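Mind docking chain H on chain V? Use the hints.
Line by line, the protein sequences are chains V and H.
If you're matching positions, the first sequence starts at 1 in the numbering used here and goes up one per residue.
If you're matching positions, the second sequence starts at 1 in the numbering used here and goes up one per residue.
None of these hints come from the bench; they were simulated from the model.
These numbers come from a predicted model, not from an experiment.
Where a beta carbon is used, it is the ideal one built from N, C-alpha and C, also for glycine.
Hints should not be assumed to be uniformly reliable.
As the list claims (entries may be wrong) - One side of the interface only, derived from the structure: several residues of chain V facing chain H at Cβ under 10 Å:
id, residue
1, Ser21
2, Met23
3, Met63
4, Thr113
5, Thr116
Unchecked claim - Just so you have them, the derived chain V footprint on chain H, three or more residues with Cβ under 8 Å:
id, region
6, 15-29
7, 102-113
8, 133-146
Said to hold, decoys possible - Over the 12 Å line for every Cβ pair with chain H, so calculated as not near, a few chain V residues:
id, residue
9, Asn73
10, Pro128
11, Asp137
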Amino acid sequence: MSMHISRNNIRARMNIRGKKSQMEAFGLAIIVVLIIIGFFIIVSFRKNNAPVNQLGNYLPDEMASNFVNSIVNVNVQECNGYSLSDIARLCKEHHNVGDVCSESDACILFNNTVTTLLNKSLVRQNYPFRFYTQGLDWPKGTDIMIVNRGCNTNMDRIHSDVPIVQAKTYQTIIINLDICR
Amino acid sequence: MKAQIQLGENVAVVAIVIIILVIGITFWSRLQQSDTSGITRDQEARSIIEIGKSLSELPELKCYQTESDSDVNCFDYYKLLSMNQTIHDNANASKYYLDYFGNSKVTFQLLYPWPETNITVYDYNSSNMTTLRVSIPVVIEKDLGNNAVKGFGLLLVEGYYR
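Extracted from the complex, chain V is given alone in its bound form:
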């Protein structure tokens, strides 16, 4: 009887020791898993908070705003003393500018000058862009639209515009430039 009890005791002790070591191993495994989860959380947090490429936005933004603000002040080569904004106003009023410019149609002059300026700057630097006017009503019923490298309204883009107000009629022509990213 006593022999039987001692054998049972030994078995019970061995079971307890086995369970204890299993629990230790399990605890270690939990610690390792927690550390791995911690690393994953840190990495995902850093990715979500990665600094936004402000420079990537800033350069096209500077280019767009400075381009539209500059070109409206530029004097048109074919006309003596007339700026591009003057020519846009004359185009809107369908004025014949043959007496002051080498080209009589102000709208053709405006379109040619803008195309030249775009070709020498944005096209040469490979910017994808949409240049368009609003309120010019030329060609009849539409407006000027110059697109480079397939830039369209579905793309992520930076917009800049400059209004040209007509003093007599208070109508506004808007020169727009979208630079796509």
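Just chain H now, with coordinates in the frame of chain V:
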């Protein structure tokens, strides 16, 4: 024997923890390194843009402006030529602006209505590497009064860094 086994277990646990710590520290330091190099590049690029912006405020270069033109970056053609002449004639002239423009090159590219010309107004290069080139559309004014012609150009700022 039992004590030896227990000691072995403890040593194994400590070794595993040390390995995990070493892997973690290595991983962390690499993340920090990539962050630091990105920030440095960004700061260099920002300084180039700042140079471009500050140039339009320089009385030595900017043109006479009316109120309505104040939003436009306008530069005087003859001031640009004069500055170009000065830096060519006097090697120390660029050093005068070193605090403002650092290691960079500032060039005005005349595009319209005149023939295309480059006018360099500042060039100080203590290394040969160009990091970033920024171009800003500007108005360049030639002459004043009835003879005034406002042309179109680009302000090119290149930054030199090691």
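Here's how the hints hold up against the structure:
Interface hint at Ser21 (chain V): satisfied, since its Cβ lies 8 Å from the closest Cβ of chain H, which is below the 10 Å cut-off. Interface hint at Met23 (chain V): violated, since its Cβ lies 13 Å from the closest Cβ of chain H, which is beyond the 10 Å cut-off. The beta carbon of Met63 (chain V) comes within 7 Å of a beta carbon in chain H, closer than 10 Å, and the hint placing it at the interface holds. About 8 Å separates the beta-carbon of Thr113 (chain V) from the nearest beta-carbon of chain H, less than 10 Å, and the hint is met.
For Thr116 (chain V), the shortest C-beta to C-beta distance to chain H is roughly 6 Å, which falls under 10 Å, so the interface hint holds. Against chain V, the region 15-29 of chain H contributes 4 residues with a C-beta closer than 8 Å to a partner C-beta. That satisfies the three-residue criterion, and the hint holds. Given a C-beta distance limit of less than 8 Å, the hint that chain V covers the region 102-113 of chain H holds, as 3 residues qualify and 3 suffice. Counting residues of the region 133-146 of chain H whose C-beta lies closer than 8 Å to any C-beta of chain V gives 7; at least three are required, and the coverage claim holds.
The claim that Asn73 (chain V) lies off the interface is violated: its Cβ sits roughly 5 Å from the closest Cβ of chain H, which falls inside the 12 Å cut-off. With a least CB separation of 16 Å from chain H, Pro128 (chain V) remains clear of the 12 Å interface cut-off, as annotated. The claim that Asp137 (chain V) lies off the interface holds: its Cβ sits roughly 25 Å from the closest Cβ of chain H, which is beyond the 12 Å cut-off.
Figure legend: structure checked against the earlier numbered hints; hints not met, in rising order: 2, 9.
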